[in-house]
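Protein chains in written order, with our numbering: chain A, 5 to 261; chain B, 26 to 285.
Derived from the structure by calculation, the hints contain no laboratory data.
All C-beta atoms in this analysis are idealised placements derived from N, C-alpha and C, irrespective of residue type, glycine included.
Accuracy of the hints is not assured; some may be wrong.
[Stated by the list, open to error] Short derived list, chain A residues pointing at chain B, Cβ under 10 Å:
| hint | residue |
| --- | --- |
| 1 | M158 |
| 2 | G159 |
| 3 | H164 |
| 4 | W166 |
| 5 | V169 |
| 6 | A173 |
| 7 | R191 |
| 8 | A195 |
| 9 | I198 |
| 10 | R248 |
| 11 | F249 |
| 12 | R253 |
| 13 | T256 |
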Amino acid sequence: MRRVAVAFLFFAALVVLWDLAVRSGRWSIVLLPSPVTVAEYLWGAALDGSLWEAAWVTLKRLLIGYVAGVIIGLPLGLLTSTSQVLEDTVGSLALGLQTLPSVCWVPLALVWFGQSEGAMLFVVIMGTVWSVIIATDHGARTIPPIYARAARTMGSEGFHKWTRVILPASLPFLVSGMKQGWAFAWRSLMAAEIYVTILTGFGLGHLLHYGRELNAMEQVIGIMIVIVLIGLLADRLLFSPWERFLHHRWGTNVKET
Amino acid sequence: MTDTAPKLIVEGVSKRFATSRAAVQALDNVSLDIAGGEFVCLIGPSGCGKSTLLDIMAGLTLPDAGRVMADGKLVQGPGRQRLVMFQESALFPWLDAFGNVMFGLKLRPDLSSAERKKIAEHFLHLVGLEKFKHAHVHELSGGMKQRVALARALAPDPQVLLMDEPFAALDALTRDQLYDDIQRIWIESRKTIVFVTHNVREAVCLGDRVVLMSPSPGRISRIFDIPLPRPRDINSPDLAGYTSQVAAALKGTLRGSVSE
Ligand SMILES: Nc1ncnc2c1ncn2[C@@H]1O[C@H](COP(=O)(O)OP(=O)(O)OP(=O)(O)O)[C@@H](O)[C@H]1O
Ligand SMILES: [Mg+2]
Chain A
5 MRRVAVAFLF FAALVVLWDL AVRSGRWSIV LLPSPVTVAE YLWGAALDGS LWEAAWVTLK
65 RLLIGYVAGV IIGLPLGLLT STSQVLEDTV GSLALGLQTL PSVCWVPLAL VWFGQSEGAM
125 LFVVIMGTVW SVIIATDHGA RTIPPIYARA ARTMGSEGFH KWTRVILPAS LPFLVSGMKQ
185 GWAFAWRSLM AAEIYVTILT GFGLGHLLHY GRELNAMEQV IGIMIVIVLI GLLADRLLFS
245 PWERFLHHRW GTNVKET
Chain B
26 MTDTAPKLIV EGVSKRFATS RAAVQALDNV SLDIAGGEFV CLIGPSGCGK STLLDIMAGL
86 TLPDAGRVMA DGKLVQGPGR QRLVMFQESA LFPWLDAFGN VMFGLKLRPD LSSAERKKIA
146 EHFLHLVGLE KFKHAHVHEL SGGMKQRVAL ARALAPDPQV LLMDEPFAAL DALTRDQLYD
206 DIQRIWIESR KTIVFVTHNV REAVCLGDRV VLMSPSPGRI SRIFDIPLPR PRDINSPDLA
266 GYTSQVAAAL KGTLRGSVSE
């Protein structure tokens, strides 16, 4: 309860500072709208539904692309961990492409898929899949060999070994890899939405983009706040439970990414 | 205290490890018969091939030459009849104590899930940890971890238990308690146990026979019979005579080789 109060006070103080900065009059209110204006915009956009619609469009793209990226990346990572040849080929490819900022996929996505949902999904998947491959590969390779030996003596082989021993044993790496994949996917999707107009749905990135076009800074800042909130919420809902599980079971604080 | 037919036969087993820098003859023509229900301790200086021999008996490592027979059948890989307990507990941190004991049981299709649960509970009770059924691995002390590991190894009802310095990392008090436990469990369950140790007193206290190995190349140098009555107390003066004999012979194996 105390932590909530402290956090609340901190953010309230930030808003007050922001408000004071606006009131000081040093910056034009066109460039720096007051918190009240931003809140009014968000309220209006929430009431007329445009905010929810955009958030839904964005989240749908993100979730579908992310899940697809994980479904592709997990088995590939497990495969690369088993064979030196796959590690040297697919593994190196993943390592190389992971260093590529995911916004760099946008031009290619446009050429290949046009201004379509496919392009968006492609960018999200490219943002996710390489991190997931690398984390899974690393996790499966670095599990203590004694786990595998103990499991073998008890008769665990093949599919059972992969699903009941190797995957859970590499869970600490998997969770941090999935988290990184999520962060990359989120960033790449925002970049793609700001960069590309897609007629099948306006996401949060589009609202941000049009805010700039219309010089409506309250919209730009409002949407930025929404994007931050969604990021925080996803962290709480998707990853915190796993991190708590790891913390309870492994007795470690899995804070590092 | 033993049945007649040998349970485990090690026949002329050799194993060589070659690394980029050197080659080690870890085992050279080692032969040993172990009777059903026997408690055999392997002792010897570090690097004499005790763990390698145990791994070969388990089927985790294959020998270069020679063979291991278990119940008259050639050992070609790990089998549920021979379970291993390692120096570190090797408990799975993603499972609780009960889940760890259930792991091997779940791989036995002949049991119903109710039977599995009952067996797991029985063995947790046997090692005195029924209260810690749902404890996470990292919440258990070193001694408790080894008890859970023991329960996990016993639960699938293997005929042979292979133990590689299972108590080496524990404090003396906990160890003394576990000597009592392991003897009690062994007497009740009539398992065949091969127990690797560095500790002469431990070997004499637990073993029907103490097998002394010598390094480079790894060989069996002497076998001592320990015909003392059971259960034995690690602090009993009866052990002293055998302990000094084995200790003297162990010192002999160190001469001319790298000591610990
Ligand atoms: N996987 C391996 N690769 C290379 N050399 C190995 C390997 N395993 C064991 N050896 C070597 O084989 C020899 C015997 O090793 P082993 O582990 O069986 O000894 P040990 O008697 O169990 O020693 P300790 O008492 O220290 O556990 C050692 O010289 C060791 O360096
Ligand atoms: Mg050893």
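request  = Provide an ascending list of the numbers of those earlier hints which the structure does not satisfy.
outcome  = Failing hints, ascending: 4, 7, 8, 9, 10.
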